[in-house]
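Using the numbering used here, you'd call the opening residue of the sequence shown number 5 and step up by one each time.
For the record, the hints were derived by calculation from the structure and aren't laboratory data. C-beta atoms are modelled at their ideal positions from N, C-alpha and C, and glycine is treated no differently. Please note: incorrect hints may appear among the correct ones.
As a list, the in silico DSSO-like pairs of lysine-lysine whose alpha-carbon atoms are at most 27 Å apart [to be verified]: (1) Lys36 with Lys136; (2) Lys38 with Lys132; (3) Lys38 with Lys136.
Derived DEER-like restraints, expressed as beta-carbon distance ranges [stated by the list, open to error]: (4) Asp145 with Tyr99: 20 to 28 Å; (5) Val97 with His130: 30 to 38 Å; (6) Leu151 with Val97: 15 to 23 Å.
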Amino acid sequence: MAVDGKLLSQQYLNNLALGHDLMPQATVLLQKLKAEHVKLYVTTNGVASTQYRRLEDADLMRYFDAIFISEELGWQKPDRHYFETVFQQLGNVPYTKALIIGDSLTSDVQGGQNIGVATAWYNPLHQKNEHKNLRPTYEIDELIKLLTI
Numbered sequence: 005m006a007v008d009g010k011l012l013s014q015q016y017l018n019n020l021a022l023g024h025d026l027m028p029q030a031t032v033l034l035q036k037l038k039a040e041h042v043k044l045y046v047t048t049n050g051v052a053s054t055q056y057r058r059l060e061d062a063d064l065m066r067y068f069d070a071i072f073i074s075e076e077l078g079w080q081k082p083d084r085h086y087f088e089t090v091f092q093q094l095g096n097v098p099y100t101k102a103l104i105i106g107d108s109l110t111s112d113v114q115g116g117q118n119i120g121v122a123t124a125w126y127n128p129l130h131q132k133n134e135h136k137n138l139r140p141t142y143e144i145d146e147l148i149k150l151l152t153i
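Make the full structure from the sequences, and use the hints.
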């Protein structure tokens, strides 16, 4: 069977963009943080068109001040160059005033450790941290708990 690789790849990305289920409490958390004038940014690996579509379809774009996608930056998390580029584009945001929040120890927590930024590991399933060298600053099992940090 002959397969058009480019067409198959495009169909895969189109279908991937459809996946945008929100985590419990995500919208409530974002609304509260925006009401408190907290600056919020997305840092994500992936294909820009896919990630933008996910954010738009989930009606999340309005909460974020900027979106940083690996395809556009030329680096992927957890590479320190990725996060250094993000902070360069943000201007004079001190690392001590930032918090990297994510569900991946090897992308988000490692990335924060690579540049010395505090991290919050979102771990709703209470997975065991098998990475002895990766220690999140905070660990939460509910997004709303970010408000207590």
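Here is what the structure says about each hint:
Taking the CA atoms of Lys36 and Lys136, the gap is about 34 Å. The hint is violated against a cut of 27 Å. As the CA atoms of Lys38 and Lys132 are separated by approximately 32 Å, the hinted pair breaks the 27 Å bound. Between Lys38 and Lys136, the direct Cα distance comes to roughly 35 Å. Violation of the 27 Å bound is thereby established for this hinted pair. At about 26 Å, the beta-carbon gap between Asp145 and Tyr99 stays in the expected band of 20 to 28 Å.
Distance hint for Val97 and His130: a CB-CB separation of about 32 Å, consistent with the stated range 30 to 38 Å. Restraint check, Leu151 to Val97: a C-beta distance of roughly 20 Å satisfies the suggested window 15 to 23 Å.
Hint check: violations occur at hints 1, 2, 3; the rest are consistent with the structure.
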